[in-house]
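**Q** Spelled out from the first residue to the last, the chains are:
Number of protein chains: 2
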Amino acid sequence: MKINCLKSELTGAVAIVSKAIAGKPQTPILSGIYLKAENGQLELQATNYETGFISRIPAEIEEEGQVVVSGRYFQEMIRKLPADRVILTVNNDENTVHIQSGPANFTLLRMNPAEFPVIHRLEGTLSFTTKDNILRTLIRKTVFACSKDESRPVFTGCSLQFDHTKLTMAATNTHRLAVRTETFDTEIGQINVIVPGKFLNDLLHYMTSEIPTDVTVTCSLNQISFEFDNLYLTSRLIEGSFPNYQRVIPQNLPTSAVVDTQAFAAAVDRVSLISRSGEYNIIRLQFADNQIHISSNNPEVGNAEESVPASIEGPELNIAFNALYINDALHVIESKQCRIGLDRPLSPVLIRDDGDPTFLYVATPVRTQN
Amino acid sequence: MKINCLKSELTGAVAIVSKAIAGKPQTPILSGIYLKAENGQLELQATNYETGFISRIPAEIEEEGQVVVSGRYFQEMIRKLPADRVILTVNNDENTVHIQSGPANFTLLRMNPAEFPVIHRLEGTLSFTTKDNILRTLIRKTVFACSKDESRPVFTGCSLQFDHTKLTMAATNTHRLAVRTETFDTEIGQINVIVPGKFLNDLLHYMTSEIPTDVTVTCSLNQISFEFDNLYLTSRLIEGSFPNYQRVIPQNLPTSAVVDTQAFAAAVDRVSLISRSGEYNIIRLQFADNQIHISSNNPEVGNAEESVPASIEGPELNIAFNALYINDALHVIESKQCRIGLDRPLSPVLIRDDGDPTFLYVATPVRTQN
Chain A
992 MKINCLKSEL TGAVAIVSKA IAGKPQTPIL SGIYLKAENG QLELQATNYE TGFISRIPAE
1052 IEEEGQVVVS GRYFQEMIRK LPADRVILTV NNDENTVHIQ SGPANFTLLR MNPAEFPVIH
1112 RLEGTLSFTT KDNILRTLIR KTVFACSKDE SRPVFTGCSL QFDHTKLTMA ATNTHRLAVR
1172 TETFDTEIGQ INVIVPGKFL NDLLHYMTSE IPTDVTVTCS LNQISFEFDN LYLTSRLIEG
1232 SFPNYQRVIP QNLPTSAVVD TQAFAAAVDR VSLISRSGEY NIIRLQFADN QIHISSNNPE
1292 VGNAEESVPA SIEGPELNIA FNALYINDAL HVIESKQCRI GLDRPLSPVL IRDDGDPTFL
1352 YVATPVRTQN
Chain B
992 MKINCLKSEL TGAVAIVSKA IAGKPQTPIL SGIYLKAENG QLELQATNYE TGFISRIPAE
1052 IEEEGQVVVS GRYFQEMIRK LPADRVILTV NNDENTVHIQ SGPANFTLLR MNPAEFPVIH
1112 RLEGTLSFTT KDNILRTLIR KTVFACSKDE SRPVFTGCSL QFDHTKLTMA ATNTHRLAVR
1172 TETFDTEIGQ INVIVPGKFL NDLLHYMTSE IPTDVTVTCS LNQISFEFDN LYLTSRLIEG
1232 SFPNYQRVIP QNLPTSAVVD TQAFAAAVDR VSLISRSGEY NIIRLQFADN QIHISSNNPE
1292 VGNAEESVPA SIEGPELNIA FNALYINDAL HVIESKQCRI GLDRPLSPVL IRDDGDPTFL
1352 YVATPVRTQN
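As you go down the protein sequences, you meet chains A and B in turn. Under the working numbering, the first residue of the first sequence is numbered 992, with each subsequent residue one higher. Under the working numbering, the first residue of the second sequence is numbered 992, with each subsequent residue one higher.
None of these hints come from the bench; they were simulated from the model. Just so we're clear, the structure is a prediction, and the values are computed from it rather than from any experiment. Treat the hints loosely; a few may be bogus.
Because identical chains share one entry, a pair is satisfied inside a single copy or across any pair of copies.
Listed next, the in silico DSSO-like pairs over lysine-lysine satisfying Cα-Cα at most 30 Å (straight line) [as the list claims (entries may be wrong)]:
#1 1139 <-> 1157
#2 1122 <-> 1015
#3 1327 <-> 1122
#4 1122 <-> 1010
#5 1157 <-> 1071
#6 1157 <-> 993
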C-alpha cells in the first residue's frame, strides 16, 4: 500500500473513527484503526463490536492495500504532522507503516488486517433517507431521558417505532419519559427497535451540518446504521422489549400553566443550586396566583426561592420534583413558551413544547415531608 | 451589613479570591470567603494559610459590617443571579446572609467572621513598584523549571535574589535550571527569598492586563505580596536555602548551534510522540552538517526522525535528553532563534534566547545504550 492524501482530511477522519475505539479494548486489534486504499479513496474503520464508524477521504493511490495501525499513536501523529500532505507506505516485508510529511518521518508498528473485524455495509429490512436536522431534533428531544444504569439495558436506549410514514422516538429511565414523533411524506416501513443512547449522542455530535443534509437510515433486527457525507456509523441494537409507555402519559389534567421556557429554566437552575448537593436535588413548585413559585431548602447550606409569572388555569397546587427532571426537559424545548399540565401532588406532570405538538415529556414528582 | 453592588464586579472578585481556597480546607472557616463592607468598598478575602487573596470592588453601603460565607455556594450563586445588581443583607439576629437579585432570593448560612484569619497588609523589609509585563516575563521564563516533588520544598519554588537594582529569578528541579535577570532604574533593596511556584503561576493567571500596569511588590523574611488593580495576593515564603546554581552553568562550550526556535520545538514535539509513553521520554539529538537530527525509538510503538536546519560551529555531537526538558525551554523563548551550547554527550546543554541575553537554561542529558 502506498497513498498520498491531505493532512487536514486525514486528521478529521481519524478523529471521528477514533471515537469508536473503546477506552479499554477487549482485544489488541480493537485498539487499531483499519485503513484500506482502493479506488481513489482511503477508508478508515474502527469498532468496539457494539458500534462501528467508517470514514472515507479522497487519496492519490499508488498501490492499493490495507493495514491496521495503533489508533492512539496514529491519531496523535497525524494531528502534529508539519506539511499539508501525508504519504503512507506499507512495505509488505516489514512489520511497519511508514508515515512521511515534509521533513518528518514516522515508522509505526502495524497489526494484521486479517484479524480486524471489518465492518460490512448493513443490508437492512428497512431503509430510508431523510434530512439530518429532522433526525437531530428527534434524538435531542428524547435521548437525554435515557437511564445510565447498565443493569437494565432497555432503559439505556431510545425506542424507535417505525410505523409506515411515522417514526416515534421515546426514552425513559422509569421516573421520566420523553417522546417525539415525526411524520414523513413516504412510506418507511414497520419495525420497533431500541438504539443505544450513547450511540445516538455520538450521532448528534457528527450530524452538525448547517445546511440540511441527506442521511440514509438502515435498520435490521439487530443493527442500525446512519450514512451521511463520507461517514457511515453503525450500532448493535439493544435486545428486549421497550415498556408500553402510552399508559403513563397522563390525560385530563385539571391544572395547567403556560410559562416562559427560558425564564422558568433559569429560575429552576438557580434555586436548585441549594438542593443540588442533597441526595434528591428537590425543588418545590407552587402553582398559584398566576405565578410559579420555586423554592428549595438544604439545612446545611440555606434556602432559595424565586417566582416566575405564568398563566395558570385550574386548582392551585404544591408539588415537588428532582430539579434535574424539570430542567432537562426545559433545555430541549426551543419554543418561547411551554405548557405544564398537573393533577395532584403525587401524580406525574406533563410538559409540552408550545411550538412542537409532537413532543411530550412526563416526570414523576417526589414525596416530601411538608 | 447591607450593601448593593454590580453582579459582574462581584462575580469577578469572587472568582479570583476563590482560587485561594484549598480543595480540602484544613478547617471549615477556610472554606469561606470573608466579606467586609466599609468606606464605599466591599472587600473579599480567602486564604489557605499559605496564600491569601484580597479583592476590592465598589459598593453602595447602607450598613457597614463583615461576614463569612461558604466560598463554593456563594460563587455558584452569584454567577447565576438574574439581575445586574446584587443586594447582600446580614441580619445580626439570624445566622444567615440574604442575597437578593431581581426576583431571586437566597438565604445562605454564614460563618463567624471572628474565626477567619483575616489577611493584614504586609509591612515588608523591601517594597518597590514595577510593571506587570516585566514580572510576567521573569516568572514565565523560570517557574516552569520548578520541581513538583513536595518532599524537597526548596525546589518547588523560585529563588528571587533582590540585589540593589537587580532582581534574579531562578528555578531548578536539580536536572534542569532556568535563570532570568531584570535590572531596574532604582534601588530596590537586598534580600534572597524562595517563592512557591504554584503562587507564581496563580500570579501569572491574574496579571494579564494588556497595557503595562503598576505592581507593588513587598517582601519580608517570611512573606511576599503583589498588589495591582484592586487585587492583593500574598504568599508565605519557602524556608531553606536555594542551591548555588552558578557553578552548574557551563562555560566554554565548543559546539554551538543556532536554530529556529519554533521549528525546533515542533520537531521535538512530534518526534517525542513515540517516546512519550516510555519511562524517560528520551529523544536523541545529532548536531552535524548544519542540521539537528532528532530521533526517538520505542520498541512497542515504532520510531520517528526529523531534521531541522541549524548553523552549527565546533565538533559534531550526539546527545540524548528527556524531550520535555528541551521543549519546556523552547516554549518560553519568544525570539525567532535560540542558541544551543554543548560540550560532551554527558555534559549539560546551555540554551539561550537570541533576543534576551538575561535568560539562560541548563539541562542535564541522559545516558543511553547506543
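**Q** May I ask which of the numbered hints given earlier this structure violates, with the numbers listed in increasing order?
**A** Hints 2, 5 and 6 are the ones this structure does not satisfy, whereas the remaining hints hold.
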